[in-house]
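Student: The hints should help you fit chain B onto chain A, whose structure is shown.
For the protein sequence lines, the chains are A and B, in the order given. Read in our numbering, the first sequence has 726 at position 79, and its numbers run on one by one without any break. Read in our numbering, the second sequence has 79 at position 89, and its numbers run on one by one without any break.
Treat the hints as calculated values from the structure; they're not laboratory data. Because the structure is a prediction, the values reported are computed rather than measured. Be careful, since some hints might not be right.
What the hints assert, rightly or not - Using 30 Å as the maximum straight-line C-alpha spacing, the simulated DSS-like pairs for lysine-lysine come out as follows:
no., chain 1, residue 1, chain 2, residue 2
1, B, Lys219, A, Lys769
2, A, Lys769, A, Lys686
3, A, Lys769, A, Lys749
4, B, Lys37, A, Lys749
5, A, Lys686, B, Lys219
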Amino acid sequence: MLEILPRLRRFATGLAGHPSDGDDLCQMTVERALANRAKWQEGTRLDSWMYRIMRNIWIDETRSRARRGQTFVDPDAGERVGGEGGQEARVELNNIDRAMQKLPDDQREAVLLVMVEGYAYKEAAEIVGCPVGTLNSRLVRGRDALMQMIGDAA
Amino acid sequence: MTPTPEQIAAFADDQLDGEERDAVATAIAADPALQRQVEAHRALSAKLSAHFAPLMDRELPETLTAPLEPREAEVVDFDAARERKETRRTIPRWGWIAGPALAASLALAVVLPRGGSDDAPGALSGELASALDSQLSATQRADADTRILLSFANAEGDYCRAFTAPEVSGIACREADGWQLERLATGSEAGASEYRQAGSDVSDILAAAQEMARGGGLDAEAEAAARAKGWRD
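This is chain A alone, in the form it adopts within the complex:
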């Protein structure tokens, strides 16, 4: 599990859009995975299983925070990031981060899983729990939106 932690943490940061929210999410994922380790089936991919746990926690968190009327760190508040998280959390929020945060959650996770984490469509669809075709079209919509926001001159 230690081996996949850096990747898991990257995915968490991408989902949460903020390094310290990402680390909280990552820690909750590790704790839940350990508490439920009996449910992991030997021979299946541990990383996919943990990504699935993470995105489920993230969905729960997003809903409960929305209910409580709280918001995450403002995506446009790039210059403030790092003040609360200490130096290692100082990751520059740039136009890519801001564009990512403007994507709907389902598109953002599809983009992260495939384009950043390098999962095949089929594996990503299994993590998210949707048909491959659905994942494919979320991905297309997410990509189109990103290209518009950050410009085609990639």
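Tutor: This is chain B only, laid out in the frame that chain A set:
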């Protein structure tokens, strides 16, 4: 054929195979506009990978690695002695409970809570009591003010919880009339000279909890069940 946007993206990601792949490749080869789309997809992929790659190189904080590191020898011995047959199963349980707790012990200031004059000595109330009532060690937030280190049943069969909070750290057991403080860690980082300097309150507390625990710590399920019963048997 005219490829759909989905097919073009999937082609750019090398996610098509067989006839579909050949058909899409042929269509793209014949149309410079489609070629530009494929290039744009790939450029975006490269840009995103490059943007997120540095996140992999960050040093992992202890809060994330501690739960995965081997537990303290002392805890192993306790477990082995108490529940020999369950040793394998209990390794992660103790590991992830003790790890972050020990890490958190570094800057812990501990004072004795003073209840009102009506309270029995050691009776806990307020935020701490409600954290003891409601918080589960499996699901609590890493940065919660009060963290549950371990839940267990003592020799009398009462549920007890080892905890650490900003102002107090110790073990409380659920008596008929509420949470009763059983043990208290003494120690302070911040130069409060009236308190004994103790570097590892949390490990002291955990060691005391191990002494008191009848059958080892509760696992996540047993803990949740105990909460459902209001911590009363």
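Student: Hint by hint, say whether it matches the structure.
Tutor: Consistency of the hints with the structure:
For the proposed pair Lys219 of chain B and Lys769 of chain A, the alpha carbon gap of about 43 Å is over 30 Å, so the pair is violated. In summary, the hint linking Lys769 of chain A to Lys686 of chain A is supported, as the alpha carbons are separated by about 22 Å, within the 30 Å threshold. Distance check on the hinted pair: Lys769 of chain A and Lys749 of chain A sit about 25 Å apart at the alpha-carbon level, within 30 Å; holds. Restraint check for Lys37 of chain B and Lys749 of chain A: the C-alpha separation of about 17 Å stays at or below 30 Å, so the hint holds.
With a C-alpha separation of about 25 Å, the suggested pair Lys686 of chain A and Lys219 of chain B falls inside the 30 Å cut-off, and the hint holds.
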